[in-house]
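Student: Chains as they are written, first to last, in this note's numbering: chain C, 1 to 378; chain R, 379 to 521.
Each hint should be verified, as a subset may be incorrect.
Covered by chain R, per the in silico footprint, the following chain C stretches (three or more residues, Cβ under 8 Å) [as the list claims (entries may be wrong)]: (1) 184 to 196; (2) 223 to 235; (3) 335 to 349.
Derived by calculation from the structure, the hints in this document are not laboratory data.
Where a beta carbon is used, it is the ideal one built from N, C-alpha and C, also for glycine.
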Amino acid sequence: MLSAIKKSVFAIILGFLLCPVMGISATLEEIDRRLKNLEGTVESHQDEMDDITNRFKNNMSVSGYADTEYVTTNGPDKPGFRLHHFSVFLKKQVSEELRFFSETEYEDAPYVTANSPNGVSGKLFVEAVNFDYQWRPDNSVRVGRFFTPAGIWSVDHYPPFVLTQQRPQHIREIFPQLVDGAAISGRHAVSSVFASYDLYFGNGETPNFDGSGDSNTTMAAGLRANLALPIATLFEVGASFYHDKLAASADPKESKKDVYGVHTKIELGSFGFQAEYADGKYEPTFFPTTNLPFHKKGYYAQFDYNINKWTLGYRYDFFDSNTSSAISNTGAKINSAIVNYHINKNVVMKLEHHLAKVIDPAKNDYYKNIVSLVVNLD
Amino acid sequence: MRKLYIALFLLASLLGMHAALADPIAVIVNSANPHQLSLDDVKSIYADRAIAWAGGGRIAVYNLPADEAAAEIFARKVLGMSASEAAAAESNRVVSNVARNPQQMKRDILVVAIVARTPNAIGYVPKSKAEGKPGIRILFTLD
Numbered sequence: 001m002l003s004a005i006k007k008s009v010f011a012i013i014l015g016f017l018l019c020p021v022m023g024i025s026a027t028l029e030e031i032d033r034r035l036k037n038l039e040g041t042v043e044s045h046q047d048e049m050d051d052i053t054n055r056f057k058n059n060m061s062v063s064g065y066a067d068t069e070y071v072t073t074n075g076p077d078k079p080g081f082r083l084h085h086f087s088v089f090l091k092k093q094v095s096e097e098l099r100f101f102s103e104t105e106y107e108d109a110p111y112v113t114a115n116s117p118n119g120v121s122g123k124l125f126v127e128a129v130n131f132d133y134q135w136r137p138d139n140s141v142r143v144g145r146f147f148t149p150a151g152i153w154s155v156d157h158y159p160p161f162v163l164t165q166q167r168p169q170h171i172r173e174i175f176p177q178l179v180d181g182a183a184i185s186g187r188h189a190v191s192s193v194f195a196s197y198d199l200y201f202g203n204g205e206t207p208n209f210d211g212s213g214d215s216n217t218t219m220a221a222g223l224r225a226n227l228a229l230p231i232a233t234l235f236e237v238g239a240s241f242y243h244d245k246l247a248a249s250a251d252p253k254e255s256k257k258d259v260y261g262v263h264t265k266i267e268l269g270s271f272g273f274q275a276e277y278a279d280g281k282y283e284p285t286f287f288p289t290t291n292l293p294f295h296k297k298g299y300y301a302q303f304d305y306n307i308n309k310w311t312l313g314y315r316y317d318f319f320d321s322n323t324s325s326a327i328s329n330t331g332a333k334i335n336s337a338i339v340n341y342h343i344n345k346n347v348v349m350k351l352e353h354h355l356a357k358v359i360d361p362a363k364n365d366y367y368k369n370i371v372s373l374v375v376n377l378d
Numbered sequence: 379m380r381k382l383y384i385a386l387f388l389l390a391s392l393l394g395m396h397a398a399l400a401d402p403i404a405v406i407v408n409s410a411n412p413h414q415l416s417l418d419d420v421k422s423i424y425a426d427r428a429i430a431w432a433g434g435g436r437i438a439v440y441n442l443p444a445d446e447a448a449a450e451i452f453a454r455k456v457l458g459m460s461a462s463e464a465a466a467a468e469s470n471r472v473v474s475n476v477a478r479n480p481q482q483m484k485r486d487i488l489v490v491a492i493v494a495r496t497p498n499a500i501g502y503v504p505k506s507k508a509e510g511k512p513g514i515r516i517l518f519t520l521d
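Model the full assembly from the supplied sequences, consistent with the hints where possible.
Tutor: Printed below as a string of structure tokens:
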């Protein structure tokens, strides 16, 4: 009897002792079960997130930039406020390999109506509409309208990212601004040196970009080659070429055109340097006063120094629109001092002072000051 | 006594901040990725020059927001510029339609998770966020 009581007491004590352990075991099982449920939930959320990300990735994206300026000058441009650019970009990653890009620019906020299209001041202009097909990571083909791959500024010119609102004079004057055509681009790496090229064919220069064909007798062609060297923060050098046989109807002064240019861009710590040179040889066949060939020549050298949110810059810019004659020459030597204040990565305030000494003796030298606010609508 | 608590709190905050700033940056890839990359290679990737792995396949490039301390350290040490300058350069490439391999910006915890499940991905995070995490390999660290 006593033994039975002892056994019962022992069993009760054992039960008390084991109870928390069994409880802990049950709790651990519960935690394990909940953890597995949680993992399942996370995985399903991850799937949903991937779906949403992919859907967004393939959606049309809208971005752009806008800038407004206040100008004082005694030169050919108008002083006062200017709503300089409002550009809208539409982009779509159609597939992994195919990408669409377009840019429509409203310059000087034009007032466009059906009845007075010719009276519009400013510009409403489709600057780019193109498709990129990247068939390999380092090779792509672009068709449509695109900025001429030449030098640096021709492509890399958007106001939120460049030092000045005033582009160097020879840009768009020697190499054309745009090409309606096709370009093949490639890149090749040898060790840490990257060589890239853009080879393009197009309609050539026409007085009006109407996107509906070519008034030239032959196609224009061009090439841009660039080397990125593993020196400094950035060290790029390159050359550009362009050949265009212009139709007499396009511009009687410029019947055949061969252009070459060189460029370099260097960044070292807080210092930046960028320079371009271009020389265009024109062989007129319908030149009104003389049939002699002539050259357009231009170059600029630009320095900048970055300190926190400030960028200080200087540029020397030269352009000669006809090296054989100073008469009716639109070129000048321009010295520019520039201050940029980057409010954040999308907003820049710029203060610029440009002092121009013109080549044509019949025209006056002039200055131009610009205060601007530039916003990247990313 | 209250002043002492405040002083201790501030001291602890400063020490914590110092520890956070002192955390090295780990450049990470997926653990299945066999490639060894140098600092110059990583620079080429983040400068949009190298966009594919040697064996093929586009590199999925992950960046941190420019306002994070780790992004500043990475940009200074790898790209030789500030994080905001690096972000502006990437924006410029995208806006100018010349970006061949646009980067994606994520918080560090997500960069670790994404790189761990994406064989072609590369990213960088504070080393403490990467150490011991399954599915990733630390290429090198930046002190």
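Student: Examine the segment 223 to 235 of chain C: at least three residues should have C-beta closer than 8 Å to a C-beta of chain R.
Tutor: With 5 residues closer than 8 Å to chain R, the segment 223 to 235 of chain C meets the three-residue bar; holds.
Student: Taking 8 Å as the C-beta cutoff, is the stated coverage of the segment 184 to 196 of chain C by chain R satisfied by three or more residues?
Tutor: holds (count 4)
Student: Mind taking a look at whether chain R covers the segment 335 to 349 of chain C? Criterion is 3 or more residues with CB to CB distance under 8 Å.
Tutor: holds (count 4)
In the structure shown, no violation is registered for any of the earlier numbered hints.
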